[in-house]
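**Q** Please put together the full structure from these sequences, using the hints given.
Here the sequence shown is numbered in our numbering, starting from 236 and rising by one per residue.
There may be inaccurate statements among the hints.
Derived EDC-like pairs: lysine to aspartate or glutamate, alpha-carbon spacing no greater than 16 Å straight-line [as the list claims (entries may be wrong)]: (1) Lys299 <-> Asp363; (2) Lys298 <-> Asp441; (3) Lys452 <-> Glu351; (4) Lys447 <-> Glu351; (5) Lys460 <-> Glu375; (6) Lys447 <-> Glu347; (7) Lys298 <-> Glu446; (8) Lys460 <-> Asp363; (9) Lys299 <-> Glu446; (10) Lys452 <-> Glu375; (11) Lys298 <-> Glu351; (12) Lys378 <-> Glu422; (13) Lys357 <-> Glu458; (14) Lys277 <-> Glu262; (15) Lys305 <-> Glu375; (16) Lys357 <-> Glu465; (17) Lys461 <-> Asp363; (18) Lys460 <-> Glu351; (19) Lys377 <-> Glu403; (20) Lys463 <-> Glu352; (21) Lys298 <-> Asp256; (22) Lys377 <-> Glu422; (23) Lys463 <-> Asp453; (24) Lys305 <-> Glu446.
Derived by calculation from the structure, the hints in this document are not laboratory data.
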Amino acid sequence: MKVGIFLFSFFATFSTVNAQDVVIVYEQSANIENQLKNIKDKATRARVAKHLSNPSYFSLLCKKGASIYKPMASDALEGDGLSLGLGSNSKEKVIAIGKGAGGIYKNQTTKEYLSEENLLGKSFLVRDTLPVFNWVITQETKKIGTLDCVKATTNYQGEKIVAWFTREIPIFDGPRIFYGLPGLIIELHTPNLNFAMISIKELKNDDVKIEKPRHGKDVNIQEYKKIKEERINALKQGQLFGN
236 MKVGIFLFSF FATFSTVNAQ DVVIVYEQSA NIENQLKNIK DKATRARVAK HLSNPSYFSL
296 LCKKGASIYK PMASDALEGD GLSLGLGSNS KEKVIAIGKG AGGIYKNQTT KEYLSEENLL
356 GKSFLVRDTL PVFNWVITQE TKKIGTLDCV KATTNYQGEK IVAWFTREIP IFDGPRIFYG
416 LPGLIIELHT PNLNFAMISI KELKNDDVKI EKPRHGKDVN IQEYKKIKEE RINALKQGQL
476 FGN
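**A** Shown next, in the form of C-alpha cells:
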C-alpha cells in the first residue's frame, strides 16, 4: 500500500481552492492501550489488540452541505493516492468512494444524521438529529504539512474530543460525526481513536452521488449508545468471542 505517496504535497495545490464538492481520505488508528485497559481476559485482550493493530482508511465525500463517511477498500489506496481512483466514468467514481449505501451521513442544512453501524455482527441504522458541538477554539496552533491549524476541543457523550482544523480549506466537516468548525478538520483525537487526513481531491463531475445509509435496525443515538455499552461490558467479561 503506497500510503507514503499521499504525504502533504496536495496542500499546496488545494489550500486556495474554495471547492465544496470534494472527497477526503482519513487514516483511522486506535489507542490500543486505552481500549484494552478494562478487558481482563487475556485471550480476549490478544484478539482485540490484533484486530486494532492496523490502521483503516475512510473517505469523506462532501457535496453542498451534505457528506457521507465510509470505509475504503484497500485497493482504492493503491497507485496514485491523490487521484483516489477517480477516473473518467461515473461507475469508477462510485466504486472508489464505496459501493452502495452505508457509512455516516450528515446534512448540515436539514440537520439529518444517519449512521449504518455493525456492532459485533448485528446491523443498526442510527437515525437522529445532527448533534450540535460546542467547540472551544483555543489559541494553540501548529503546522500540519503546509497548513496552519488551530486546536479546538469539545465534549461528546462524556468524552473529550480534540480537533485540529484549518481555515485554509473552508469545508466545515470532519471524520465520523464531527463537524461545525470554521474550516476542515485535519486531525481529530478521541480517547479511543485518532484520525488524520492524508488526501483531498476536488470533484468536478456531478455523477458522484451521496447515498444515504439504509440498512439495519432503526435506533436513535441514545438507544444505540446503550446497546453498545451492554455489548462492550459483555466483551470485557469474556462473554463474547466464545468465552
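**Q** Is the Cα-Cα distance between Lys463 and Glu352 16 Å or less?
**A** Given that 16 Å is the threshold and the Cα spacing comes to 10 Å, the pair holds.
**Q** Are Lys460 and Asp363 close enough, with their CA atoms no more than 16 Å apart?
**A** holds, 12 Å
**Q** Assess, step by step, whether the Cα of Lys298 is no farther than 16 Å from the Cα of Asp256, and give holds or violated.
**A** holds, 5 Å
**Q** Next pair to validate is Lys377 with Glu403; report whether the Cα-Cα distance is within 16 Å.
**A** holds, 13 Å
**Q** Please work out if Lys377 and Glu422 have their alpha carbons no farther apart than 16 Å.
**A** Between Lys377 and Glu422 the Cα gap is close to 11 Å, so the pair holds against 16 Å.
**Q** Please work out if Lys298 and Glu446 have their alpha carbons no farther apart than 16 Å.
**A** Satisfied, since the Cα-Cα distance of roughly 11 Å is no more than 16 Å.
**Q** Lys461 and Asp363: Cα distance at most 16 Å?
**A** holds, 15 Å
**Q** Would the pair Lys299 and Asp363 pass a check requiring their Cα atoms to be no farther apart than 16 Å?
**A** This hinted pair is violated, its Cα atoms lying about 20 Å apart.
**Q** Given the hint that Lys447 pairs with Glu347, does the C-alpha gap stay at or below 16 Å?
**A** Cα-Cα ~10 Å, so holds.
**Q** Compare the distance between the alpha carbons of Lys452 and Glu351 with 16 Å, and conclude whether the hinted pair is satisfied.
**A** holds, 9 Å
**Q** Against the 16 Å threshold, does the CA-CA distance of Lys277 and Glu262 hold or violate the hint?
**A** violated, 28 Å
**Q** Are Lys357 and Glu458 close enough, with their CA atoms no more than 16 Å apart?
**A** With a Cα-Cα distance of about 14 Å, the restraint between Lys357 and Glu458 holds, given a limit of 16 Å.
This entry does not satisfy hints 1, 5, 10, 11, 14 and 15, going by the numbered hints stated previously.
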